[in-house]
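Participant: The residues making up each chain are set out below.
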Amino acid sequence: MTARSVRSLSGALKPLFSNRCPGITSCFLQVYGAASCNQRQKSTYTPPPARYGGRHTVTLIPGDGIGPELGNHVRELFRFCCVPVDFEVVNVDSSVASEDDINNAIMAIRRNGVALKGNIETNHNLPPSYKSRNNLLRTTLDLYANVMHCQSLPGVRTRHRNIDIMIIRENTEGEYSSLEHENVPGVVECLKIITKTKSLRIADYAFRTARAKGRRRVTAVHKANIMKLGDGLFLECCKEVASGYPEITFDSMIVDNTTMQLVSRPQQFDLMVMPNLYGNVVSNVCAGLVGGPGLVPGANYGEDYAVFETGTRNTGKSIANRNTANPTAMLLASCLLLDHLKLHAYASMIRRAILSTVSETRLHTADLGGQGSTSEVVQSIMNAVQSTGPQTLSI
Amino acid sequence: MYTHTHTFKEMQTVTLIPGDGIGPEISSAVMKIFETAKAPIRWEERNVTAIKGPGGRWMIPPDAKESMDKSKIGLKGPLKTPIAAGHPSMNLLLRKTFDLYANVRPCISIEGYKTPYTDVNLVTIRENTEGEYSGIEHVIVDGVVQSIKLITEDASRRIAEYAFEYARNNQRNSVTAVHKANIMRMSDGLFLRKCREVAENYKDIKFTEMYLDTVCLNMVQDPTQFDVLVMPNLYGDILSDLCAGLIGGLGVTPSGNIGANGVAIFESVHGTAPDIAGLDLANPTALLLSAVMMLRHMGLHDYGNKIQTACFDTIRDKKVLTKDLGGNSKCSEFTADICRRIQDLD
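Chains as they are written, first to last, in my numbering: chain U, 1 to 395; chain B, 1 to 346.
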């Protein structure tokens with residue numbers, strides 16, 4: 001349905017319905033109005049409309065490992081803070097070969113528009129017909145931008161201070177195209193696809209974000225000296241987009257030099273944009289530099305959908321169900337979700353509480369070198385929220 | 001893996017390729033130090049500039065190839081990569097000529113050259129012939145480019161075998177295969193399978209597998225948990241430079257390339273630094289440590305240890321350091337200090 005035809009259709013239907021069910025008509029118009037808005041305005045995303053009584057519905061995919069327990073903590077915290085969000089839980093069983101579960105999850109995300117997810121384990125000893133569920137989700141929903149903001153947190157001791165790097169990683173193509181074949185027994189080819197449209201799209205997203213967040217410098221990370229055509233195309237697209245943003249300095253750096261610079265002087269980087277695999281490496285290096293996988297949230301944005309998760313996408317199988325996982329990353333991801341739903345007041349309130357808890361060393365979980373438990377951290381966050389004033393459920 | 005055993009005083013010939021920029025001065029520094037240490041090495045200097053052979057194919061000069069084939073061991077300084085010269089980079093030519101399939105970089109924290117990371121002691125072994133750097137790329141339609149990552153059974157088995165042999169010969173406890181088989185199931189899956197097969201023959205060495213992102217994440221938090229890492233080309237490129245960054249950069253990192261037929265070329269991996277060439281300001285540490293690696297490869301451990309100790313002592317002492325290490329001494333002064341320490345050690 002094109003935007004114009006939708007609007008004319010809803011216009012035609014309005015007199016029919018308006019007498020009987022005014023509420024439904026406005027809902028109907030809002031739903032399709034939002035969709036048509038998407039098609040015209042590429043730069044701003046309109047979140048899905050609130051359903052009944054101003055409450056949002058968000059898909060929650062618990063995943064494996066520490067995912068389920070962290071998802072529960074998010075729900076607990078949201079309920080405590082009276083956040084107007086209801087979670088629709090969709091379980092994805094990673095041990096079955098059928099893709100029904102992940103397809104259900106994708107359908108739920110299409111329905112709700114937003115999701116919070118834990119990592120779904122991929123057994124890499126299974127044959128190639130079993131695709132990574134996480135990758136399937138990202139590519140089907142075309143969540144083309146993975147955004148990770150790594151910043152040094154007060155109270156977390158790391159080797160480097162004052163890090164503030166935003167990483168924007170192309171999320172759907174590159175080395176993750178899952179196109180492989182064995183031409184001759186013992187010779188395998190794996191295709192890395194770089195397209196102009198997707199490279200322009202991610203570069204555009206990066207520069208728009210840089211402008212919106214007041215970032216002064218964008219660095220493209222590549223390996224165009226070796227992969228001249230592939231990464232060369234990516235670099236060309238970045239340069240093309242950069243010319244439209246004269247106030248932002250654009251430079252490029254080869255990926256191996258980038259990692260070397262990151263471990264010696266990470267403060268030199270501002271915003272970085274890169275294809276899929278380098279994004280994987282660089283985001284993990286940066287997450288390690290600011291304190292580890294338990295602290296950094298990640299967001300995957302597409303044209304129509306957004307999925308939030310921990311930045312480094314770990315299942316944490318070895319620490320599952322032991323109450324030792326660090327909930328900070330998942331809780332900060334839920335704050336990003338609230339920001340996306342334009343519930344900024346709730347987001348700031350919870351984020352403030354989380355950051356004040358992280359700065360307390362005695363509550364640090366094992367990954368930060370402490371002995372605190374997950375529930376203690378969540379409890380402390382809830383206390384911090386309560387002490388700031390707004391109405392909460394009694395503990 | 002071929003180690004050379006010699007009678008104690010027998011002179012061994014090594015092909016020396018000084019290189020460009022600061023190459024000649026750091027090479028002469030290394031030669032001077034070796035002379036002081038009385039190492040049984042005879043240097044045969046050769047130049048490698050690409051020449052067009054019969055049939056129009058680019059190749060290295062025949063006298064260089066002849067020397068390498070005879071001596072089997074080479075030490076190389078930095079070579080400049082000409083842009084738009086019409087021929088591939090010299091490093092690539094050397095790699096193809098001698099089938100240098102393994103790139104080995106031991107990254108050990110240098111006491112006295114402080115970085116935020118201490119106690120780093122790991123070795124990255126990178127497959128150097130195929131993988132993402134196969135150079136096979138096509139423009140399918142305008143705006144769609146495909147790069148091919150090639151993984152073969154033979155190359156994977158060869159590098160895995162080298163990694164385990166290296167671990168055994170150098171008293172390392174574990175080998176970790178770095179991969180991304182969750183996404184690249186067939187290619188990295190093949191690589192992993194070969195590593196597992198080879199691990200069966202080396203039960204004394206612990207074998208683990210780890211995802212590339214997990215390795216990166218853990219490497220910057222606690223590099224002491226890693227020992228020997230073996231991986232395909234691209235991951236190896238990134239990780240070996242990451243590890244070099246941990247210990248202080250390319251100016252202090254040694255590197256060795258192992259080829260088929262017993263050929264081994266050890267090199268410094270930094271650039272030619274044309275801005276300081278000929279000014280006696282260069283730091284010969286990287287080339288010197290690569291030469292030490294070479295001595296160990298040849299079985300001359302005593303000489304290697306002596307020279308390495310002298311070098312580390314000079315750096316720890318901090319009195320005579322080159323500019324990049326934080327001092328303001330000349331290359332010749334740095335070299336002289338190392339020579340003095342070697343004489344004292346005797």
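Among the clues, some could well be false.
Claimed, not checked - Cut-off 30 angstroms, straight-line C-alpha distance, at most; resulting in silico cross-link-like pairs (DSS-like, lysine-lysine):
hint : chain 1 : residue 1 : chain 2 : residue 2
1    : B       : K203      : U       : K228
2    : B       : K96       : B       : K65
3    : B       : K114      : B       : K65
4    : B       : K52       : B       : K96
5    : U       : K228      : B       : K80
6    : B       : K318      : B       : K38
7    : B       : K65       : B       : K80
8    : B       : K114      : B       : K96
9    : B       : K65       : B       : K32
10   : B       : K80       : U       : K317
11   : U       : K131      : U       : K213
12   : B       : K52       : U       : K228
13   : B       : K72       : B       : K32
14   : B       : K80       : U       : K239
15   : B       : K38       : B       : K52
16   : B       : K65       : B       : K52
17   : U       : K317      : B       : K96
18   : U       : K228      : B       : K65
Hints in this document: simulated from the structure, not taken from any laboratory.
Participant: Hints broken by the structure, by number, lowest first?
Facilitator: When the structure is compared with the hints, numbers 1, 3, 8, 10, 11, 15, 17 turn out to be violated.
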